[in-house]
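We have chain A; now place chains B, C and D onto it with these hints.
Chains as they are written, first to last, in UniProt numbering: chain A, 1 to 228; chain B, 1 to 228; chain C, 1 to 228; chain D, 1 to 228.
Mixed in with the good hints, there may be bad ones.
Intra- or inter-copy, both count: the list cannot distinguish identical chains.
[Claimed, not checked] Listed below are the simulated DSS-like cross-link pairs for lysine-lysine, each with C-alpha atoms no more than 25 angstroms apart in a straight line:
1) 219 to 65
2) 50 to 18
3) 133 to 50
4) 142 to 50
5) 50 to 7
6) 155 to 50
7) 133 to 219
Rather than coming from a laboratory, the hints here were simulated on the basis of the structure.
Protein chains: 4
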Amino acid sequence: MLEQLKKEVYEANMLLPKHGLVTFTWGNVSGIDRETGLFVIKPSGVEYDKLTPGDMVVMDLEGNKLEGNYNPSSDTPTHLELYKAFSDIGGIVHTHSEWATSWAQAGRGIPCYGTTHADYMYGEIPCVRNLTKAEIDEAYEKNTGVLIVDYFKDKDYISMPAVLCKNHGPFTWGTDAHNAVHNAVVLEEVAKMAARCEWINPQVQPAPQELQDKHYYRKHGANAYYGQ
Amino acid sequence: MLEQLKKEVYEANMLLPKHGLVTFTWGNVSGIDRETGLFVIKPSGVEYDKLTPGDMVVMDLEGNKLEGNYNPSSDTPTHLELYKAFSDIGGIVHTHSEWATSWAQAGRGIPCYGTTHADYMYGEIPCVRNLTKAEIDEAYEKNTGVLIVDYFKDKDYISMPAVLCKNHGPFTWGTDAHNAVHNAVVLEEVAKMAARCEWINPQVQPAPQELQDKHYYRKHGANAYYGQ
Amino acid sequence: MLEQLKKEVYEANMLLPKHGLVTFTWGNVSGIDRETGLFVIKPSGVEYDKLTPGDMVVMDLEGNKLEGNYNPSSDTPTHLELYKAFSDIGGIVHTHSEWATSWAQAGRGIPCYGTTHADYMYGEIPCVRNLTKAEIDEAYEKNTGVLIVDYFKDKDYISMPAVLCKNHGPFTWGTDAHNAVHNAVVLEEVAKMAARCEWINPQVQPAPQELQDKHYYRKHGANAYYGQ
Amino acid sequence: MLEQLKKEVYEANMLLPKHGLVTFTWGNVSGIDRETGLFVIKPSGVEYDKLTPGDMVVMDLEGNKLEGNYNPSSDTPTHLELYKAFSDIGGIVHTHSEWATSWAQAGRGIPCYGTTHADYMYGEIPCVRNLTKAEIDEAYEKNTGVLIVDYFKDKDYISMPAVLCKNHGPFTWGTDAHNAVHNAVVLEEVAKMAARCEWINPQVQPAPQELQDKHYYRKHGANAYYGQ
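Excised from the complex, chain A in its bound form:
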């Protein structure tokens, strides 16, 4: 079932090592078919260089595995919460990519210091709090998703397709699995340059709002005209 989606999700997963975003199996990509409400996700613990499209696991939004020889990624409950709440997204990525994870470990959101950031993400990339012990004990992976959804309940998850989980790492999402990987790459570049820019100038301030607006809205929304 969902052979085309499995292929797409497989290819999106393989972009993670290509872009240097994963070591070993530290990442996973999923994609959803909104018509059937089923999503496809990387299996748990399979090495990237042994992965095949047929290894992808098919899940429903109640968390039932419908097809697959392996267990789904242990982060599956997080993906599921995001798919349920963010109805306009088609793909999700989780990695431990080195720069985004360094910010997550530092417990800081990433200020918008420049146009590379503003071209894709509007405003500061948030870092959500740690789960409490009770939340961890009850359902760690699910509650990670619940916390992210709660953070975005009064915010726009389309113009900010990324979040850092404190002491853990990033999640990104997008219109489909490939677009979510694209945003994971952008996040990593932005995280790297934001850190270095603070080290070059500890008094640095975010980019002027009108510059952020110009770059975001020349690529997104009704008046977009951008491409380099």
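Frame of chain A; chains B, C and D shown alone:
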């Protein structure tokens, strides 16, 4: 038209990923034919690994597209202003290369800390101010060029073939498209080493003027004799 | 003798350059056959691109060379002490990998700042003291092992399969040679992200204990269920 | 003439890009034949990927070019001074490698923070002062060599085969051209880890003298026994 120039500009564009200066499509190279007053530039939003010489777009200095299946890079109005004002240059590069962009985001020019810098660029690499909201709203890409040209109106754009745009990224130029890419690579190396050198010694001062002069003028001008 | 183990140890050694953990010959991997009490280790001073499985040296736990055309790694006495004291390990790695060595040179243990660390190593990765002049003069390489063993005498070497030797570099171990290399890669990633996270937030604190517990124990012990 | 030496020096030059020590043509290697007193050096300004053994230039110690289609590297007078004064060396390397150059630009010698450094270089890697304007004007490249030789006049250039020239970059030397490149690689690794180790622990002190002694003398001199 301009088949040879299109080939050169195509090849110069392909050097950007080779030298690690671009992620996705975040960069563009152009080259000008001074006899006809026409310039050739990368199309907008085309992936580097799908680019062909025939995709290059031919423009005149009034901003009219004369040939090309795609739109020209959205930074074309910036290139155009530089070509009009800097009559001795033959090529221009814009990237979001990681170290130069970190300095641009930090809002600082890059002091000349050593001979690697002085071999190619004379003095501090400038960082020009943000555009005002009015300048952005009126014509963002054009006014980026106008601002750079205004900065250089009483300075030598030949001995300083690079500029940082605050909260954005670098532009470099040169005698032709390849030379402009060469300067983009130099800028990135210099930006990286300048940052690290400040972190190793926060009290570091620019290189002595006589050393800067020696290195710049042994490679440039009437008395040049250099090559390693 | 031990042809299968020699092949495994050879392959594990070759993973060091693949993962960017060694320059020149600055590293070595060994593996032990607990039935015979013999271990196999990289020869001394042989370049990685000239290494063959047949070059591996077979040693007993009294330090006698039983087979091999070359001398064993000069770090062999350190490996031997670890094998004698840590009865549940099957492989050992020593490298001068750049980030772990930078922490070792800095004389600091690596705090657990995130889940990447907690997934594999429980708590702060220790940095053991310098050997005294007397300990160096008596038997430097052996006493390096004695010092590590002494540090772990009241600690769990299974849940902390890594140590930094002050002003020197890391040792890691594992269930076999490959697993020890896996831990060396994890250590390097963790060391890199811990340094950057401190630079991004100098007031950063270790990850909450309940988060460390969750990540370590979802992958290790009776209740493990993890895989990404 | 000196075909074997030209081949060796060519191959040693080609190791610079392989080890990531050069951008463009920013480096050069030479080797000397002590019997004839002639040395062979990279030509000036030739790209590495176009270099051939036959392009190497043969020089005598009076600075006369005896063979070669190109000019010798413009750093030739520096090499020449080192060969004249350091009678036991057989090869010299100059690069603008990024970490060593960052220390040179910072104007600081590199303290010995660990055994990676002590395995090859005994004590702090020195950073020599800027040349005066008079020294630059008189004979810049020659006086760079004179300054280095003067610094080492009461020191051992064998146990310290490297120097940083302030605001410029490193020179290393060795028993032959390949060994000099080996030392250039070591210097770069050591420079990188020394910087990071200071950032991880700003109060870091050099490695204990007895540890430096142990590592240097287990690899060098009459009692050497080392190999990993």
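Against the structure, the hints:
For a Cα distance limit of 25 angstroms, the shortest separation of residue 219 from residue 65 across copies, 21 angstroms, qualifies, whereas the shortest one inside one copy, 38 angstroms, does not. Proximity of residue 50 and residue 18 under a CA criterion of 25 angstroms is satisfied in both settings, with 14 angstroms inside one chain copy and 17 angstroms between copies. With identical chains, the CA atoms of residue 133 and residue 50 are never at most 25 angstroms apart, being 36 angstroms at best within one copy and 50 angstroms at best between copies. In this assembly of identical chains, residue 142 and residue 50 lie within 25 angstroms of each other by CA distance neither inside one copy nor across copies; the values are 28 angstroms within and 40 angstroms between.
Both within a single protomer and between protomers do residue 50 and residue 7 lie at most 25 angstroms apart by alpha-carbon distance, with minima of 15 angstroms and 21 angstroms respectively. With identical chains, the CA atoms of residue 155 and residue 50 are never at most 25 angstroms apart, being 39 angstroms at best within one copy and 37 angstroms at best between copies. For the identical chains of this complex, residue 133 and residue 219 are inter-copy neighbours only, at 18 angstroms across copies versus 41 angstroms inside a copy, given an alpha-carbon limit of 25 angstroms.
Going down the numbered hints, you'll see the structure goes against 3, 4, 6, while the others check out.
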